[in-house]
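Participant: Sequence:
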Amino acid sequence: MWTTSLKVESLVLDTPSWNGHPGLQMTAKRYTAPFSEPEGLTLLFAHGISAHKEQWEPTLQRVFYNQRFKAKHHRVREAWSFDWLNHGDAAELNKEKLQLRPPGNVSAAEWGFAIASFVRSLRTKGRRLVAFGHSAGAGAIMLSTKEFPPSRSPYIAIFLIEPSMLSRELWMTHLAERELAMRKSMDAALRRQHSWSTLEDAIAYFRQIRPWSFYDPKVLDVFKMYGFRTVSAGEGGEKTTRVVRKCSAQHEAFAYADIESHFEGVEQFARICCTTPLHIVFGSKQDYIPSYFQDCVTNVSEGRIPASVVKIPGPGHVIVQEAPDALADGICVGLNLINPSLHPASLYRL
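Following the numbering used here, the numbering of the sequence shown begins with 154 at its first residue and continues without gaps.
You may find that some hints are simply not true.
In the DSS-like style, the derived pairs of lysine-lysine whose C-alpha atoms are separated by at most 25 Å in a straight line are [stated by the list, open to error]:
hint: 1; residue 1: K377; residue 2: K399
hint: 2; residue 1: K371; residue 2: K464
hint: 3; residue 1: K278; residue 2: K223
hint: 4; residue 1: K225; residue 2: K160
hint: 5; residue 1: K248; residue 2: K399
hint: 6; residue 1: K438; residue 2: K464
hint: 7; residue 1: K278; residue 2: K160
hint: 8; residue 1: K392; residue 2: K248
hint: 9; residue 1: K371; residue 2: K399
hint: 10; residue 1: K399; residue 2: K250
hint: 11; residue 1: K160; residue 2: K371
hint: 12; residue 1: K438; residue 2: K371
hint: 13; residue 1: K399; residue 2: K337
hint: 14; residue 1: K377; residue 2: K248
hint: 15; residue 1: K278; residue 2: K225
hint: 16; residue 1: K392; residue 2: K377
hint: 17; residue 1: K160; residue 2: K223
hint: 18; residue 1: K278; residue 2: K299
hint: 19; residue 1: K160; residue 2: K377
hint: 20; residue 1: K337; residue 2: K438
hint: 21; residue 1: K160; residue 2: K399
hint: 22; residue 1: K223; residue 2: K464
Cβ pair distances, simulated, as ranges [as the list claims (entries may be wrong)]:
hint: 23; residue 1: K278; residue 2: E353; range: 38 to 48 Å
hint: 24; residue 1: H226; residue 2: M325; range: 35 to 45 Å
hint: 25; residue 1: G279; residue 2: K160; range: 15 to 25 Å
hint: 26; residue 1: R360; residue 2: M325; range: 34 to 44 Å
hint: 27; residue 1: C427; residue 2: Y358; range: 40 to 50 Å
hint: 28; residue 1: K160; residue 2: A329; range: 47 to 57 Å
It is worth saying that the hints were derived from the structure and are not from the lab.
As the structure is a computational prediction, the values presented were derived from the model and not from experiment.
Every residue gets a Cβ at the ideal spot worked out from N, C-alpha and C, and that includes glycine.
Whole structure, please, built from the sequences with the hints as guidance.
Facilitator: In structure tokens:
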């Protein structure tokens, strides 16, 4: 890997109102490298539940590096990574507005709407956009495409990394299993320890439990650096400082109940796959997501036709965190398949 770090620019983006709620703010980071290519690709990244935008950094760093000597149209111009509106830095920025909503009431659909707003902005004018979503973030990316006609997609390709999308029919077929899995995920989020005396204590705790025990050391370092904040606890002269995660347990837990976004994402897949290349990356270990999720998003008989399917040996559902280098290598296989003549529709707004 090269020794020069990526240049990182932090931004706060306003988003439109959603279903009568005032628009929230979306935190983002823009990454460029010394060898960024002006004619290259602009990559957009959306994380999964309980994660944050910086967890993509080990993966996107290797993607930059892998593509540096490719043809100009396959190199990377820049990368953007976004926080879900109640995760990461966005959770603190939106704290007051989020308190006016029911817990966890920030769906993947709303996040997708916010991403679509960014895609329409002048920041993306002339860019060749490629979008990436992991787990529930894959649903957000898919739902961002609902804001555009299928024939005028803003993306020249989309990569769905271990997507957690499922058709309504398959959900109902496996209803008892899916509801049990959802309850277990919610209960696990709410039962976990939520505050610690020091950051070191917090990391020591997470090293012992799934899925954090699977994390690549590079991603665990990123989690340690960006996944926590400090709060004051106690009253009067007994106040102390505690360390907590930026994404609250309540927001994480209720995100697992956002099943409608999974259904809508699958429906949108079939609508756009013939006009926008959809690449899928799976891990070979089926730990959190049963095989019928994979079967669903690759079911050609139901109109879901992926441009490519890559399976990475070793990691499971948290592939972004578990195997960032192998994931980046798999992503680059798909990037090199992108037609150099593809350009997105001109959809930016003034």
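Participant: None of the hints should be skipped; say for each whether it holds.
Facilitator: Consistency of the hints with the structure:
1. K377 x K399: Judged against 25 Å, a Cα distance of about 11 Å means the pair holds.
2. K371 x K464: Holds, at about 22 Å.
3. K278 x K223: Answer holds: K278 to K223 is near 23 Å, not above 25 Å.
4. K225 x K160: Holds, at roughly 20 Å.
5. K248 x K399: 11 Å, holds
6. K438 x K464: Given pair K438, K464 holds - Cα atoms ~10 Å apart, limit 25 Å.
7. K278 x K160: 21 Å, holds
8. K392 x K248: Status holds; Cα separation ~22 Å.
9. K371 x K399: Roughly 19 Å between the alpha carbons, so the hint for K371 and K399 holds.
10. K399 x K250: Between K399 and K250 the Cα gap is close to 16 Å, so the pair holds against 25 Å.
11. K160 x K371: Judged against 25 Å, a Cα distance of about 18 Å means the pair holds.
12. K438 x K371: 21 Å, holds
13. K399 x K337: Between K399 and K337 the Cα gap is close to 22 Å, so the pair holds against 25 Å.
14. K377 x K248: 21 Å, holds
15. K278 x K225: 18 Å, holds
16. K392 x K377: 24 Å, holds
17. K160 x K223: 21 Å, holds
18. K278 x K299: 19 Å, holds
19. K160 x K377: 20 Å, holds
20. K337 x K438: 20 Å, holds
21. K160 x K399: 24 Å, holds
22. K223 x K464: 23 Å, holds
23. K278 x E353: 38 to 48 Å: 45 Å, holds
24. H226 x M325: 35 to 45 Å: 44 Å, holds
25. G279 x K160: 15 to 25 Å: 20 Å Cβ-Cβ, so the 15 to 25 Å window holds.
26. R360 x M325: 34 to 44 Å: Roughly 38 Å apart at Cβ, these two residues keep to the hinted range, so it holds.
27. C427 x Y358: 40 to 50 Å: At 47 Å between Cβs, range holds.
28. K160 x A329: 47 to 57 Å: The hinted range 47 to 57 Å holds for K160 and A329, with Cβ atoms some 50 Å apart.
Violated hints are absent here; each numbered hint is respected by the structure.
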